[in-house]
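Novice: For reference, the chains in residue letters:
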Amino acid sequence: MVHLGKISIVLYLLSASAAHAYVDPGSGSVIVTTVLGLLAAVSYTFRKYFYKLKGFIFRDKSDTETENSN
Amino acid sequence: MTDHVTADAGSFRDPANRVYDVKKHNDESGRRILRGMDKESLDNFQRLSEQDFYRRFEKNGQAVKTDILPSSDSDAIVVLKDGWSGVLEHTTIPFVSYPYEWTFSMLKDAALLQLNILEQSLENGWTLKDATSYNIQFEGSRPVFIDIPSFEPWVKGEPWVGYRQFCTMFLIPLMLKSHLGIDQLPILRSYIDGIPPTEATKYFTGFDRFKKGVMSHIVFPAKVENTISARERDDAPARKRIGREQSPAMVIGLVQSLSRLVISLKSDLKHSDWSQYDKTHSYEGADFSAKKAFVEKHASQAMRDQIWDIGCNTGTFSKICSPYCNSVISIDGDPDAVEQLYLEEREIKGSNTLPLVMNLSNISPGQGWAGNERKAFDKRKNPDLVLCLALIHHIRLSANIPNVFFLKWLRSLNSEVILEFVNREDEMVIKLLTNKAQQYNDYTLDQFIDEAKRFFTIEDRKPLKGGKRELFFLSPS
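Residue numbers (the numbering used here), protein chains in the order written: chain A, 1 to 70; chain B, 1 to 477.
Worth double-checking, as some hints may not be accurate.
Have a look at the derived ranges for each label pair, beta carbon to beta carbon [unchecked claim]:
no., chain 1, residue 1, chain 2, residue 2, range
1, B, H25, A, T45, 56 to 66 Å
2, A, Y49, B, R244, 22 to 32 Å
3, B, D73, A, V42, 43 to 53 Å
4, B, R244, A, K52, 27 to 37 Å
5, A, G55, B, A399, 57 to 67 Å
6, A, F58, B, R55, 23 to 33 Å
Hints are computed from structural coordinates only; laboratory data are not their basis.
Backbone N, C-alpha and C define an ideal beta-carbon position, used for all residues, glycine too.
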């Protein structure tokens, strides 16, 4: 998996701190899910194709084995 | 509204629906859980109930079984008077419990169920509009998703709107326990909307910030939230942050990465007095067998609806009661003992035992809006039988609660009771009193019997360990 943490470290260094009263604490979720989602998408896509490739190779193998046993 | 159909005091946050309790008798017969639905929610449910993925959730017991009630149903008529467009009926859950009463593995299993349901929904074009841990209940030792109106069609480009709530209510408490060994339950009891990242980040200092998932799901979100708060404080206008489209790979990828993170979180069982109870209890074989026989004799007298085992340790006596009732609620203040019981029970298909962590001298209070949103432990449902075995000396001598207070509370449950009195001569009482200036001279068998008779009828009793302990079967008088 792509390490979400590494990118988060960079983003962490860019910010400040304060208290809130009128600001919805969840209003930052769009930013957070966008950043983390982009990183997760890379991992998701990589895994998807990796498993497809793996399935393709092993299916071919098992098909060959089945044919041989027949 | 007629008096047997009442709107649930904890169901109001989603204006699109509301839960109603139906109680026609004092017992469980005729009890129903209904839900008034607005038009959009009802249309959604009609479409959802035709989806194969959703039907699988119901079939596998992952989601509570739900049906649309005909508008001619006598209880539905009452609910519809509140202006709803339709009424659903859910299968009842034996006992409502809250995340601040669950062990680490219970919260973890609940988190994985939430993520699993969300991921499968997303893959089928649906999503969940929130991610609160209160949407999960336990049926025995199996987590069940109960908030069916949370399902809604996934609009293209919509992000995972429940992400922050998932973190505050599931992930952060799990990480506090797994990464730092901090007991998450008292914190969760206070933060009933979950632990916000801006607070959680204060627990993680130094290298702890680099533990798995902390930087991404606590430190970074906390910094973003603090930055926004700083920029938009006082009279500065709020900036609109809605409408950024996210691809399915982004949303499903994030859900999957959280599943992997949650699976990786572990909390080892530690040796505690109670988690080792089966090996370390102070009984000889014959006395322990006699104690088990006494409990079984009275537990098996009738098929009861619910039995509570308060001070259950690792559940030895809960297991004896389990065949003789519809559900057992096993409670202890030691998280490791309860965790051990949960890990055993979740492997048993159809287990009817719900283990919960609670200090009996400080039970879960009513809290949330008007003190009613989350019900106090003893206001949710009355048991039919309560076991309190070798508990009263801890209540009196460790928690300093007078016996009469405890007996009065037990009587308020309006249930039969099997109680074990631990006498002053017992080695465990001697141990408790060894370094105490106060010697609790009122703590005697005779005084206990006098006090018990004020609230109960003593139906049966049996001395154990040569009179150092005594078992009582009490019925409310």
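Novice: So, for every hint listed, does it hold in this structure?
Specialist: Hints and how they fare:
Separated by about 57 Å at the C-beta atoms, H25 of chain B and T45 of chain A satisfy the suggested range of 56 to 66 Å. For the pair Y49 of chain A and R244 of chain B, the supplied restraint of 22 to 32 Å holds, since their beta-carbon distance comes to about 26 Å. A beta carbon spacing of about 51 Å between D73 of chain B and V42 of chain A agrees with the range 43 to 53 Å that was offered as a hint. Look at R244 of chain B against K52 of chain A: about 29 Å separates their beta carbons, and that is inside 27 to 37 Å.
Between G55 of chain A and A399 of chain B the Cβ separation comes to about 59 Å, which falls inside the hinted range of 57 to 67 Å. The hinted window of 23 to 33 Å between F58 of chain A and R55 of chain B holds, with their beta carbons roughly 31 Å apart.
Of the numbered hints listed earlier, not one is contradicted by the structure.
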